[in-house]
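Heads up: the protein sequence lines correspond to chains L and C, in order. Taking the numbering used here, I'd label the letters of the first sequence as residues 120 to 436. Taking the numbering used here, I'd label the letters of the second sequence as residues -3 to 281.
Since the hints were made in silico from the structure, they are not lab data. Bear in mind the structure is a predicted one, so any value in this text is a computation, not a measurement. Virtual Cβ for every residue (Gly too), placed ideally from N, Cα, C. Heads up, a few of these hints could be off.
[What the hints assert, rightly or not] Chain C side only, calculated, beta carbon under 8 Å to chain L, not exhaustive: (1) V126; (2) S213; (3) L218; (4) A251.
Chain residues, written in single-letter form:
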Amino acid sequence: MLPTLGAWSRWGRPVVRRVLEFVGLLAGISTVLFFLLHLTGDPAVVLAGEFATPETVERISARYGFDDPLLVQYLRFVASIFVLDFGESVASGAPALGLVLDRLGPTMLLAVLGVALNMAVSVPLGAWLGSRPDAVPQRLGNTAVFVSQGIPGYVVGLLLIQLFSVQLGILPSVGMSTWWHWVLPSVTLASFLAPKLVRVLSANVTEAMREDYVRTAQAAGAGRLTMLWRHALPNAVLGAAALAGTQLAFMLSGSLITEVIFAWPGLGRLLIDSVVRLDFPVVQAAVFVIAVLVFAANAVTDVLFQVIDPRLRRQQA
Amino acid sequence: MSVLERRRIRLVPQGSMLLWLGFAGALVMVIVVVLGPLLQTHDPYEQLLTNRLLAPGEEGHLLGTDQLGRDLYSRTIEGFRWSLGIGFVATMIAAVLGTLVGIAAAMREGVLRTVLTRLVDMTIAFPYLVIAVAIIAVIGRGFFALSLTLGLVSWPIFARVVYAEALGLMEREYILAAQLLGVGAWRTLFTHLLPGLRPSLMVMWAFMFADLLIAESALSFLGLGAPLAAPSWGNMLSDSREYLATAWWMLLAPAIAIVVAVVTANLIGDGVAAESRRRAAQART
Chain L
120 MLPTLGAWSR WGRPVVRRVL EFVGLLAGIS TVLFFLLHLT GDPAVVLAGE
170 FATPETVERI SARYGFDDPL LVQYLRFVAS IFVLDFGESV ASGAPALGLV
220 LDRLGPTMLL AVLGVALNMA VSVPLGAWLG SRPDAVPQRL GNTAVFVSQG
270 IPGYVVGLLL IQLFSVQLGI LPSVGMSTWW HWVLPSVTLA SFLAPKLVRV
320 LSANVTEAMR EDYVRTAQAA GAGRLTMLWR HALPNAVLGA AALAGTQLAF
370 MLSGSLITEV IFAWPGLGRL LIDSVVRLDF PVVQAAVFVI AVLVFAANAV
420 TDVLFQVIDP RLRRQQA
Chain C
-3 MSVLERRRIR LVPQGSMLLW LGFAGALVMV IVVVLGPLLQ THDPYEQLLT
47 NRLLAPGEEG HLLGTDQLGR DLYSRTIEGF RWSLGIGFVA TMIAAVLGTL
97 VGIAAAMREG VLRTVLTRLV DMTIAFPYLV IAVAIIAVIG RGFFALSLTL
147 GLVSWPIFAR VVYAEALGLM EREYILAAQL LGVGAWRTLF THLLPGLRPS
197 LMVMWAFMFA DLLIAESALS FLGLGAPLAA PSWGNMLSDS REYLATAWWM
247 LLAPAIAIVV AVVTANLIGD GVAAESRRRA AQART
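Isolated chain L, as found in the complex:
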């Protein structure tokens, strides 16, 4: 069948828009990265590190072409990013992009575990808190969640290590070699995310319980639990899913810190280590990979929403 105009506006235009956005994102990121490095003055000095000899600085200057005009350097840098060449790590000499990609797996694992745990805790908790917002236990719960919003996730991590690794000695706190090593980091990462999700969910559930379709169900004889799980909660979850984009950014920030605390060999820890060592090629490659990840994840969630929520499809048509 020939593609019709309808198919174009439904699938073609969004795809073209995404591709254009992606090119814009790459150009933007590479510009920021380029000027960051040149902001300091002589990038060769930065790349060579604190204790480099003048000869090393000169060699690096020649290797990266830092003596050329700035515009030439900029264009060359953008071109090299489009062919995924970030240069070699100053610390180890290995290709920067390879180092970064090696760390992708552990970060993804931590992200999946953290998000799964977050959902498993936040959805029931949010539903319970939102179902009867004026009852005493729920009020206390809401207050506790409100206060817990102020507790930085890394403090939770420190307390978990103190309790389960130091005092009780039942869970390991460093590395990721066995399943037991996965517990504390996932809990820590989930604690970055949970308070916000619980609050949004409970507010949404409260609102949904007052909607006509839920009250109709009640009038038709549906029990309280059926109303909550079958009618109010699905819509509350869908409403909260609008948060997904910012939650993802927030989660990556959280995993940055979690990985450092638990010596988790992921992307975040590599980024921090490289920043401390001023290993710029690796920093650039890491920021670039994170940007691509975020972009891809957002594109995928957008499409998923259209599949899950029929209202969105109708809106766009």
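Got chain L sorted already, so can you dock chain C onto it with the hints?
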């Protein structure tokens, strides 16, 4: 029930009580920041290795000492200046930048709007801690470096809210009427648009302040925030990491200070939001 009683009950609903609690907390924090050194019992920077890791109450140290013998109570008080100061300046930068971009996009249709909204859409999804870490790697640690960095990476959140709000306001009758009467764009901006945006700006400001406070402490915790000797709460928490088993009190004061400051800001944000919703509902009836 008499008329008077009914009015009194309506005057103090629960939401605004929480708002007043938030304002009270903010006032206390401002006082601590202003008085600063007057409230301290010791020099927050003075090291005395013979007094390391004293427990709370020992040798006149109210909250004990850290691994270098510095007084934790005085450091926490000095931390109000560092942490709240950085949070304040950073939020100010984000608010000014975000409001400018949001209003510019809302008032001028065409290329400018397309470019600005696309820019915000793309940057808002990016984890700002990652960019902040990369910027700090280059420009270094310090009060203003950190404030500037946090402000520069967080303005898109402001811009998005201001843009959406301003777009809605531009369609309201009183602004249309002003435009039809020939009131210029600048005058519309200052006499009609900005006052209309005030409630949302206050709410955003409070939430952003809370977020950046945590971001600041996180960066300091990673060793990429305030200068290493500075008593910012994140630095103090970072110091406490290795002494958790022996000197748990090192974690206590800065952690509580952060939680209280963030909760205070959230109370104000929630309270102002509820209050403006209530007023909008009242205006409709």
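Tested hints:
With 8 Å as the threshold, the beta carbon of V126(C) comes within range of chain L, its nearest partner Cβ sitting at about 6 Å, so the hint holds. Given hint, S213(C) at the interface with chain L, holds; its Cβ is 6 Å from that chain's nearest Cβ, closer than 8 Å. Here the hint on L218(C) is kept, as its CB sits about 6 Å from the closest CB of chain L, short of 8 Å. Interface restraint check for A251(C): the shortest CB-CB distance to chain L comes to about 5 Å, inside 8 Å, so the restraint holds.
This entry satisfies every hint, going by the numbered hints stated previously.
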